[in-house]
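Peer 1: Heads up: the protein sequence lines correspond to chains S and F, in order.
First residue of the first sequence? That's 9 in this note's numbering, and the numbers climb one at a time after it.
First residue of the second sequence? That's 1257 in this note's numbering, and the numbers climb one at a time after it.
Since the hints were made in silico from the structure, they are not lab data.
We put the beta carbon where it would ideally sit given N, CA and C, even for glycine.
Be a bit skeptical, because a hint or two may be false.
As the list claims (entries may be wrong) - The calculated DSS-like cross-link candidates involving lysine-lysine, where the alpha carbons are at most 30 angstroms apart (straight line), are:
hint : chain 1 : residue 1 : chain 2 : residue 2
1    : S       : 408       : S       : 166
2    : F       : 1535      : F       : 1597
3    : S       : 163       : S       : 408
4    : S       : 138       : F       : 1597
5    : S       : 412       : F       : 1397
6    : S       : 138       : S       : 408
Said to hold, decoys possible - Facing chain F, a subset of chain S residues (Cβ under 8 angstroms, in silico):
hint : residue
7    : 38
8    : 39
9    : 84
10   : 125
11   : 128
12   : 137
13   : 150
14   : 257
15   : 300
Chain by chain, the residues:
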Amino acid sequence: MNDQSGVQSNIEFKRHTLSNGLEFVAECNPDALSTGLAFFVRTGARDESAELSGVSHFLEHMCFKGTPTRSAEDVNRELDEMGSQSNAFTSQEQTVYFCSVLPEHQLSALNLLSDIMRPTLRQSDFDTEKQVILEEIAKYDDQPPYGGHDAALVKHFKSHPLGNSVLGTTQSVSALTQPQMLEYFHRQYSANNLTLAMAGNIDFDRIIEQLEADCSDWTHHDVGRDIDRYSTNPDTDEITNIQKDGAHQQYIIQIVDGPSATDTDRSAGQLMSTIFGDDNNSRLFWDLIDTGKAEYAVLESQEYQGSGIFLGYLCCPPENQQTLLDRYCQLTAELHETGVTQQELDTAQAKVCSHIVLRGERPANRMFNVGSNWIQRGLYETTRESIERIEAVTLRDIQKVLDKYPLSPATTVATGPETEQH
Amino acid sequence: MPTSSIDTYQFDNGLTLLVEQMPWLESAAVTFLVPAGCQRDPATQPGLAKLTAEMLQRGCGDLQSRQLEQAMDQLGLARSTAVTNYHTRLSAAMPATRLPAALSIYADLLQRPLLPATQLEDGRMVCIQELLAMQDDLSQKLMEQLRIRQYPDPYSRSAHGTLETLQEISINDVQEFYTQNFTPQQTIISIAGNVDSQQASQSVEQLFGHWSGHETTQIQTTPPPDGHHHIEQESNQTQIGIVFPSVPYSHPDYFQSRGAVGVLSDGMSSRLFSEVREKRGLCYTVFAMCHTIREQGCVLTYAGTTTERAQETLDVLLTELVRLGDGILPAELDRLKTKIKSGLIMQQESSNSRASSIAADWHLLGKVRTTSELSLILDDLSCDSINHYLANNRPNNFRVVTLGQDALDTSAATTPDATSTNSGAL
Chain S
9 MNDQSGVQSN
19 IEFKRHTLSN
29 GLEFVAECNP
39 DALSTGLAFF
49 VRTGARDESA
59 ELSGVSHFLE
69 HMCFKGTPTR
79 SAEDVNRELD
89 EMGSQSNAFT
99 SQEQTVYFCS
109 VLPEHQLSAL
119 NLLSDIMRPT
129 LRQSDFDTEK
139 QVILEEIAKY
149 DDQPPYGGHD
159 AALVKHFKSH
169 PLGNSVLGTT
179 QSVSALTQPQ
189 MLEYFHRQYS
199 ANNLTLAMAG
209 NIDFDRIIEQ
219 LEADCSDWTH
229 HDVGRDIDRY
239 STNPDTDEIT
249 NIQKDGAHQQ
259 YIIQIVDGPS
269 ATDTDRSAGQ
279 LMSTIFGDDN
289 NSRLFWDLID
299 TGKAEYAVLE
309 SQEYQGSGIF
319 LGYLCCPPEN
329 QQTLLDRYCQ
339 LTAELHETGV
349 TQQELDTAQA
359 KVCSHIVLRG
369 ERPANRMFNV
379 GSNWIQRGLY
389 ETTRESIERI
399 EAVTLRDIQK
409 VLDKYPLSPA
419 TTVATGPETE
429 QH
Chain F
1257 MPTSSIDTYQ
1267 FDNGLTLLVE
1277 QMPWLESAAV
1287 TFLVPAGCQR
1297 DPATQPGLAK
1307 LTAEMLQRGC
1317 GDLQSRQLEQ
1327 AMDQLGLARS
1337 TAVTNYHTRL
1347 SAAMPATRLP
1357 AALSIYADLL
1367 QRPLLPATQL
1377 EDGRMVCIQE
1387 LLAMQDDLSQ
1397 KLMEQLRIRQ
1407 YPDPYSRSAH
1417 GTLETLQEIS
1427 INDVQEFYTQ
1437 NFTPQQTIIS
1447 IAGNVDSQQA
1457 SQSVEQLFGH
1467 WSGHETTQIQ
1477 TTPPPDGHHH
1487 IEQESNQTQI
1497 GIVFPSVPYS
1507 HPDYFQSRGA
1517 VGVLSDGMSS
1527 RLFSEVREKR
1537 GLCYTVFAMC
1547 HTIREQGCVL
1557 TYAGTTTERA
1567 QETLDVLLTE
1577 LVRLGDGILP
1587 AELDRLKTKI
1597 KSGLIMQQES
1607 SNSRASSIAA
1617 DWHLLGKVRT
1627 TSELSLILDD
1637 LSCDSINHYL
1647 ANNRPNNFRV
1657 VTLGQDALDT
1667 SAATTPDATS
1677 TNSGAL
């Protein structure tokens, strides 16, 4: 993959930390056409108690509803006035607010994004936006396997917070109050729990100047998160069936433990899942998709701080559920017995490295990579270093991952019209 | 904005090659638009284009199915295949140095596919799985119905086919569809990225210059069904779709219409987002978009909302569509222009989006607009020009399709205010 080195001669990584602990990391590329900037907040579903389920995501919406100096209309209008492509998302352990702009708008974009990190959280906005969140939950609930996915995480992680639902439920969100959200906000949006990540064409010095001016008065305190390893593989493949009226297909989710975000074997884990369960030219593809036995059959690795999982997704007509699961189990057994071949590893490495290069062309993608690496692992990695990390994986590394993380028995949940166990 | 040139090459066999050189990128991307879309499905065999596209990927030239996928992965091709109404569309992005090898594979795939009879049953099952999956995708189901209410058949068709017809297709049908429709006539190849235009054209001439085939036959059309439509579905949300006629991409007024719809739906300060979601909290997803085929255009509007709030959502949507006819404000247009221009520049960061965009331009216009040309068109758009267009083409002739537990009262869509005998610019 020598020709994929990435022309990075002008690219420079820079960082700065404010006295209140707010961090700023930047991959500066003076040749880039755009600038990506994002606030990564180290908070998500795993930081919620049961009665707060869904609050991180709800708060993400509320941050766009106005600040002491801007109304919700101002926020939306200004984001459009600078021609930004902007949005936000919440996951198990991050809430990310991002926008891409042309370089000349980077200072105003930063001014706006930093302002909405200190939202007003007005009661009337809270009440209206709650309706939007409930609509969002209703929408996803109409899209199987949404409910199955949440149920599988709960079944796998049991009472551990990594099993928490990002959206929450209709009940939990309905019961949330504005004071609860305010308290959660003060606890989690401490300056030292936020990182500003930027990539592309960046005026680094002026950004620091503005960051100091806009954010140095943000308060800070210790924000904790328990990231001890949590291993929960089940003893059996016993299926939990969840009936979904109106669904036509049967959706099966399997979860087993995998490498965490900081484990050195995460690259091997990623390549193993590519070889076994990528959506194209993988073992699952040739056996189950190419033959039309399943609509989809994929295995993905999902890394968290301290823990990780491999997630298997299968979909087929309801009457084929058991046949498909049996075949899936045979395939995992074969993988554990015989390992993978050098040719499979070479192909997976070529595939993953090419995707790193293609994604790396856009500052918006680099911004996510830089920010996520920093808050999950506390490190910066160039495109070239990411490629080298993937290329360094050997057959022995893959075998070690297979030995350490058996794909069976797995936490198994099925959802669809089928309720009978076969 | 970095300047890129777009070169056009017409080959004797009817093939068109478009090349946009983007020397600041590391990647290259290629798109093939072959006139083998589902509008070419025989009336008795919906799904044939889809199954043919599926079979096309099961080996070509000297490569069996697995060897083909292996070769593509070794080159690091991020690839996709889709059957649209007009085309079978293949595309791939890759590190730029891999382009010659990738073109060589696609030359075999398009001209020398194996279409192996032994794999027909597997291919058929793949198509059936995709058809079944569609039934759980409620918003896609709705959008397909909206197209059926707006465009004449076969321009309104989707590629999935039916369970019955997919079961009946034979390998001879697939081979015949391939022979009739995979022809260089009207095929467009677009390449964008860090490539040399001359070299790319030489490669394409060498690899595709001897490709031969007939011109595809004329399409006969039948008009769409009239009226509103409800599909019963057990679901939390009611999917609401409204379609009304507009102008196609090739029409001189297209950007007036696009500007008006942009005010309605582009960005978080747009009218629909503000009125339906922000002020009333009626839904999570709401949008309107210009949709175009070569011959016609329309505006598609969508919202998904829980059953008990669906009527109010439909009423607010219709109010906003009708209000658009009263005109837009200068500040709304200024925001939209900045947003679209910014998007045009960011498109220059992606070889894939440029390859796809120039191919679509050629198909719809018979020429390609550079990003600089598009920028000039935007500069010329004014509030007056859009309002003039809207005054003469008020949104009307709405057709409402809903999918969910209960049918809605659609009388607001058929009041004299909302519909007139003037059918817009068409």
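Peer 1: Against each hint, give a clear statement of whether it holds in the structure.
Peer 2: Structure-based check of all given hints:
Using a Cα cut-off of 30 angstroms, the hinted pair residue 408 of chain S and residue 166 of chain S holds, with the two alpha carbons roughly 27 angstroms apart. Taking the CA atoms of residue 1535 of chain F and residue 1597 of chain F, the gap is near 28 angstroms; set against the 30 angstroms cutoff, the hint holds. Distance check on the hinted pair: residue 163 of chain S and residue 408 of chain S sit about 26 angstroms apart at the alpha-carbon level, within 30 angstroms; holds. Between residue 138 of chain S and residue 1597 of chain F, the direct Cα distance comes to roughly 34 angstroms. Violation of the 30 angstroms bound is thereby established for this hinted pair.
With a C-alpha separation of about 44 angstroms, the suggested pair residue 412 of chain S and residue 1397 of chain F falls outside the 30 angstroms cut-off, and the hint is violated. Our distance criterion of 30 angstroms between C-alpha atoms is broken by residue 138 of chain S and residue 408 of chain S, whose separation comes to about 47 angstroms. The beta carbon of residue 38 of chain S comes no nearer than 12 angstroms to any beta carbon in chain F, farther than 8 angstroms, and the hint placing it at the interface is violated. At a threshold of 8 angstroms, the smallest CB-CB gap from residue 39 of chain S to chain F is about 7 angstroms, leaving the interface hint in force.
Among the interface hints, the one on residue 84 of chain S holds; its C-beta lies about 4 angstroms from the nearest C-beta in chain F, closer than the 8 angstroms criterion. A distance limit of 8 angstroms between C-beta atoms decides the matter here; for residue 125 of chain S the minimum to chain F is near 17 angstroms, and the interface restraint is violated. Taking 8 angstroms as the C-beta cut-off, the interface hint given for residue 128 of chain S is violated, the closest approach to chain F being about 15 angstroms. Because the closest C-beta pair between residue 137 of chain S and chain F is about 6 angstroms apart, less than 8 angstroms, the hint holds.
Taken as an interface hint, residue 150 of chain S checks out: its beta carbon lies about 5 angstroms from the nearest beta carbon of chain F, inside 8 angstroms. Satisfaction of the interface hint for residue 257 of chain S is found here, the shortest Cβ-Cβ separation to chain F being roughly 6 angstroms, below the 8 angstroms cut-off. The interface hint given for residue 300 of chain S is met, as the beta carbon of that residue sits about 2 angstroms from the closest beta carbon of chain F, less than 8 angstroms.
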